[in-house]
Amino acid sequence: MSNIAFVRKKEIAPSPPPITEVGIIGWIKQNLFSGWWNSFLTLFCLYFLFMLAAEFFPWAWGGHWHTKSLRECLDLDPNVACFSVLTARWKQLLFGLYPAEEYWRPTLTFFLLILSIIPILFPRFIRFFWFSLIYPGLALWLLWGGSFWSVAIVYIGMSLGVASYFLLNQRLIKSSPMALLLALFLTVIFFLFISDGMADLLGDLVPLSLPFVESLKFGGFTLSLIVGVTGIVASFPIGILLALGRQSKNLPLVKMICVGFIEFIRGVPLITLLFVASVLLNYFLPPGTNFDIVLRVIIMVTLFSAAYMAEVIRGGLAGVTIGQHEASASLGLTYWQSQRLIIMPQALKISIPGIVNTFIGLFKDTTLVSIISLRDPVGLASTIRADAKWNGIYWELYIAIGLMFFIFCFGMSKYSQYLEKKLKTDN
Amino acid sequence: MSELDEKKKIDRTKVNLTEEVVIHISEMNKWFGSFHVLRDINLEVRRGERIVVCGPSGSGKSTLIRCINRLEEHQKGKIIVDGTELTTDLKNIDKIRSEVGMVFQHFNLFPHLTTLENCTLAPVWVRETPKLEAEEIAMEMLEKVKIPEQAHKFPGQLSGGQQQRVAIARSLCMKPRIMLFDEVTSALDPEMIKEVLDTMIQLAEEGMTMICVTHEMGFARQVADRVIFMDDGQIVEQNEPESFFNDPKSDRTKLFLSQILGH
Numbered sequence: 001m002s003n004i005a006f007v008r009k010k011e012i013a014p015s016p017p018p019i020t021e022v023g024i025i026g027w028i029k030q031n032l033f034s035g036w037w038n039s040f041l042t043l044f045c046l047y048f049l050f051m052l053a054a055e056f057f058p059w060a061w062g063g064h065w066h067t068k069s070l071r072e073c074l075d076l077d078p079n080v081a082c083f084s085v086l087t088a089r090w091k092q093l094l095f096g097l098y099p100a101e102e103y104w105r106p107t108l109t110f111f112l113l114i115l116s117i118i119p120i121l122f123p124r125f126i127r128f129f130w131f132s133l134i135y136p137g138l139a140l141w142l143l144w145g146g147s148f149w150s151v152a153i154v155y156i157g158m159s160l161g162v163a164s165y166f167l168l169n170q171r172l173i174k175s176s177p178m179a180l181l182l183a184l185f186l187t188v189i190f191f192l193f194i195s196d197g198m199a200d201l202l203g204d205l206v207p208l209s210l211p212f213v214e215s216l217k218f219g220g221f222t223l224s225l226i227v228g229v230t231g232i233v234a235s236f237p238i239g240i241l242l243a244l245g246r247q248s249k250n251l252p253l254v255k256m257i258c259v260g261f262i263e264f265i266r267g268v269p270l271i272t273l274l275f276v277a278s279v280l281l282n283y284f285l286p287p288g289t290n291f292d293i294v295l296r297v298i299i300m301v302t303l304f305s306a307a308y309m310a311e312v313i314r315g316g317l318a319g320v321t322i323g324q325h326e327a328s329a330s331l332g333l334t335y336w337q338s339q340r341l342i343i344m345p346q347a348l349k350i351s352i353p354g355i356v357n358t359f360i361g362l363f364k365d366t367t368l369v370s371i372i373s374l375r376d377p378v379g380l381a382s383t384i385r386a387d388a389k390w391n392g393i394y395w396e397l398y399i400a401i402g403l404m405f406f407i408f409c410f411g412m413s414k415y416s417q418y419l420e421k422k423l424k425t426d427n
Numbered sequence: 001m002s003e004l005d006e007k008k009k010i011d012r013t014k015v016n017l018t019e020e021v022v023i024h025i026s027e028m029n030k031w032f033g034s035f036h037v038l039r040d041i042n043l044e045v046r047r048g049e050r051i052v053v054c055g056p057s058g059s060g061k062s063t064l065i066r067c068i069n070r071l072e073e074h075q076k077g078k079i080i081v082d083g084t085e086l087t088t089d090l091k092n093i094d095k096i097r098s099e100v101g102m103v104f105q106h107f108n109l110f111p112h113l114t115t116l117e118n119c120t121l122a123p124v125w126v127r128e129t130p131k132l133e134a135e136e137i138a139m140e141m142l143e144k145v146k147i148p149e150q151a152h153k154f155p156g157q158l159s160g161g162q163q164q165r166v167a168i169a170r171s172l173c174m175k176p177r178i179m180l181f182d183e184v185t186s187a188l189d190p191e192m193i194k195e196v197l198d199t200m201i202q203l204a205e206e207g208m209t210m211i212c213v214t215h216e217m218g219f220a221r222q223v224a225d226r227v228i229f230m231d232d233g234q235i236v237e238q239n240e241p242e243s244f245f246n247d248p249k250s251d252r253t254k255l256f257l258s259q260i261l262g263h
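Chains as they are written, first to last, in our numbering: chain A, 1 to 427; chain B, 1 to 263.
If you're looking for bench data, these hints aren't it; they were derived computationally from the structure.
Some clues are possibly wrong.
[Unchecked claim] No more than 27 angstroms apart at the CA atoms, straight line, and that leaves these computed lysine-lysine pairs for DSS-like:
id, chain 1, residue 1, chain 2, residue 2
1, A, K422, B, K175
2, A, K364, A, K249
3, B, K131, A, K424
4, A, K249, B, K131
5, A, K421, B, K153
6, A, K91, A, K424
Note that the coordinates shown come from a computational prediction; the quantities given were computed from them, not determined experimentally.
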C-alpha cells in the first residue's frame, strides 16, 4: 500500500503562458486557424473580400464628380463611378422641392434636433430637457413657417392648463381627479375661444413669421427625418400604453380595444395604411377640409409602429417577475407609481434590442411614402432618373441614399448597445 | 437549528405586549377558482405579538399572510388591519400596505436600483419624505441589518443573505407597524440563514409585531409568543411555543412535528 498523504512544501511560481497561445499570434491561431475547416473558411473569406475590394475601390476611387451628365461620364471612362449626379442633385436629395432660399430652415432644424435629443439620450444633460420639450414646436414653425405665435399659443395654452392643474390641486380642491377635469375644461375653453384672437393680437404686436412652405414641397432626407423622428417619438408612449392595456386584468374593455387595435394594425401592410391616409381618408373627411398629407402619413406610421412597439414591450413586461409587482405593491406604491418606477424601467431595459429594432424598421419604412407620391430619397431617385441627363444611373444614387440611412440606423444601433451596457447592474 | 434551540429565549421584559388588537380576522374564507384554500380563519393579533405560522406546504400559510396586505383577495369574512377594514377600496389598500411591511422568500429587491435607492423609494414616493431625510433613515436601517457598506451596490452584486437583509431594511424604512415574513430563509444557503434570523430576532426584541411563516422551528421556540399550525386551509392548533412543541394536542400537529423535527 502506497502512502497517499502529501503536503506541499514549495510553491510553484507562476510562469507566462506559451508565446503561441497569447497576444496576436495566439488570437489568430485560436480564432482563424484552429482547424483545417476553420483555416479553409478563413482563406475563402479573405479571397472573397479581396475580390470585392478589387472591383469596388477602383470603380469608386476614380469616380467622376464634376461632369454635366451621365453621357459625359461614360465618354470619359465607362468603368468608373459617376458621382456627378450627387454633386448636381445633392440639394434635392436632402431637401426635396423645399425653396432654395429657405434651405437654412431645415438645416437649422436638423442641428437643433441633435441638441434636443442629447438631454434624452444622456441623463447627465437632463437639465437641458426643457429644450427637448420646446423643440417640437420650434421645429414645426421653422419647417412649415407661418406666424410664430400660432405655434407658441399652443405652448402657452398647455402651460396654462398645467399651471391651473397644480394651482387647483394644491390650493383649492382636495381631490386631484376633479382638479384635472377642471384644468382640462379651462384648457379647452382657452383653445376654443381665446387662443385664435390672442395669437392674432400677439402677431400684430410682435410680427414674427416665416414664409409658409406647403407640405408637398417637402422631400428628401428632410422628409424621412420628419416622418421618422416624429413617428419614433410618438409611437413609444403609445406603445407603452397599448402594452399596459393589453396586460390589464381589471379592465376587460380596455384590454379588448388594445388587443383589437394591435392585431388589426399588425395584420395590415403599411402600404395599405399609407394609401388609406393619402386617398381614402379624403372620402371620410368633410369636403374642403385640409388635413395635411405629411401629418396623415406621420399618424399612420406612428400607429403602425406603436402596434409593434406594444408587442415588444409586452415581451419585456413578461420578463419582469410577479415578485416585483408584489414587492412594489406591498410597499404601498400605487399602480402608476409602481409601473413608472419599478416595472417599466425593467421591462424597457429588457426590450431595448426590440425597441431599437422597431425604431430602425420605422425609419427605413419611411421610404414607402414614395408610393403615395411624396418625395422621399428613394422616390427622388426615380425623379432624378427621369431627367434625360441622368437617365440610366442607379448605383451611385442608391449607394448614397443607402449610406445616409445606414449612418442613422447604425447610430441608433450603437446607442442601444451603449445603453444596454450602461444599464447592466448585475455581475 | 439546534444551536438556536440551545440559546435562551429572547428577553421579553423589554417588550410591552399590549391588549390592543392590530389585526382582526374573522370567519375569513378564500377560494382559488373553486379550490377552497382558506376556511373560516379566525385570528387576532395584538400589538407587539410575534406569531409563527407553520404547516405542510399547500396548507395556506403564505396565502393567509398575503391576505393581510391584500396581495390576495379574500372572498368572505372580515380582515381589519390597524382599524381599517380591507375592502375593494384602493385607498384603504394602499394605506394598509404602507403600514404593513412584507419580506418575501425570493427577496424581490428592485434590481435596477441600488440598495440605498431600494430603501428610499417607498418613503419618498408613498410617504413623501424629503430625499435627504429618507436617505438618513435608510442608512440607519441598513446599519441595523449590518450592511451599511453595501448601500451603493446593486442587489445583483450581493449574496442571498445580504439581499434578504436589504429587503428587511427596505420594509423597515416605511416604519411599518406590522411585519410579515413569508418563508424568508427558504431560498438561502445554510450559512446565510443565521444572519437573516439574527436580524429578525433583533426586530422581535425591539417589540415589532411580526407574523412569520417559516420552517425554522428553532426560531419559533426562541421568538414566538404563539405558534399557529395550519393544514388544509384551516388553523388546526395554536399555542405557546413551549406547549406547542412539547405537548401537541392534535394528531396532525404531532405528525407534522415528528416529520420536521425527526431528523
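Quick check: which numbered hints come out false for this structure?
1, 2, 4 and 6
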